[in-house]
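*Asks:* Residue-level listing of the chains:
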Amino acid sequence: MKRVAVVRFPGSNCDFDTLHAARRTGTEAYFVWHRDTNLKSADAVLLPGGFSYGDYLRSGAIARFSPIMPAVQRFAEAGGPVLGICNGFQILCEAGLLPGALMRNDRLTFVSRPVALRVEQTDTAFTNRYHPGDLLLMPVAHGDGRFVADPVTLAELEATGRVVVRYVGLDGQPLDGSINGSLNDIAGIANPEGNVVGLMPHPDRAADPALGNTDGTGFFTSIARWAGVPK
Amino acid sequence: MTYRVHVRIVPRAGLLDPQGLAVEHALTALGFTEASGVRIGKAIELAVEAGSLDEARTRTRAMCDKLLANPVTEDYRVEVEAA
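Protein sequence lines correspond, in order, to chains A and B.
Letter 120 of the first sequence, counting from 1, is numbered 120 in this note's numbering, and no numbers are missing.
Letter 21 of the second sequence, counting from 1, is numbered 21 in this note's numbering, and no numbers are missing.
None of these hints come from the bench; they were simulated from the model.
Predicted model only: the values in this text are computed from it and were never measured.
Just so you know, not all the hints are guaranteed correct.
Unchecked claim - Facing chain B, from chain A, some residues (calculated, C-beta under 7 angstroms):
#, residue
1, Arg-74
2, Ala-101
3, Met-103
4, Arg-104
5, Asp-106
6, Leu-108
Cβ atoms here follow ideal geometry from the backbone N, Cα and C, with glycine treated the same way.
Take the sequences, apply the hints, and build the full model.
*Replies:* And the structure:
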């Protein structure tokens, strides 16, 4: 059974959802406190959603310097699977483990509702149970979810298949308008090796039949099937 | 000695600033039609212990690069004065 560390920061509020989703899908998941400095032999690391450090300064800007983060950085650089959900995605971008940044939504509203996503890349540690083109329904809940990157980085993400999930309409077609103003309707991206993934939608809130939606389950079951980064 | 440092952080030119836009609309609605180009950022004030004004500036710029500003989305300006 894979050992999965869920990192809790002060202000994390999806930590229990994420722990529950990981356990329900057959992993041995446990909490790691942000002041810890080791990941306790983790096979994967999950950074949950919430408002770490009150989103002070910028979302994820302070969490990124937590005592646990050097261990997460080393783990990721060694090829270990790391998933950032919502605030976790913001932390990964601030930490430079993923490119770009998440800025204030474009239309002055905190967006909290289910959205449709198209799976674009399945060769990652967290999406290998899906098929390219799969349509997933998943909740989003964020005020700072507008993905931006400089034009060179954006072109590289698209050209190298590093856009993992994209916001689409319920019919799977491109959105008329947008969810939060993200460039190219990007909802989630990966690093070049596919072991680090971040996304704004919440697979942790869509991985239990009790919640009426299990579309996010694959993000957690993919961990066991990930063979690792080719050396 | 101690220097008084003012850091001004603004969203990079060309990037959408929804806060600035909303405030600009509100200003227009209030009749301040002469206002345009509203951008909202942050002002950070701090005291910095340093051997010289230049050193205080260099150290503050390092703080901006590492933590205070996001290099992807923000520009900053540092002003230093003797406290």
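*Asks:* Each hint should be assessed against the structure and marked as holding or not.
*Replies:* Hints and how they fare:
1. The restraint placing Arg-74 (chain A) at the interface with chain B is violated, with a minimum CB-CB distance near 19 angstroms, outside the 7 angstroms limit.
2. Hint status for Ala-101 (chain A): holds, given a least beta-carbon distance of 4 angstroms to chain B, under 7 angstroms.
3. Annotation: interface hint on Met-103 (chain A) holds; nearest CB of chain B at approximately 6 angstroms, less than 7 angstroms.
4. The interface hint given for Arg-104 (chain A) holds, since its Cβ lies 5 angstroms from the closest Cβ of chain B, which is under the 7 angstroms cut-off.
5. With its C-beta approaching chain B no nearer than about 6 angstroms, Asp-106 (chain A) sits inside the 7 angstroms limit, and its interface hint holds.
6. Taking 7 angstroms as the C-beta cut-off, the interface hint given for Leu-108 (chain A) holds, the closest approach to chain B being about 6 angstroms.
Of the hints listed earlier, the one the structure fails to meet is number 1.
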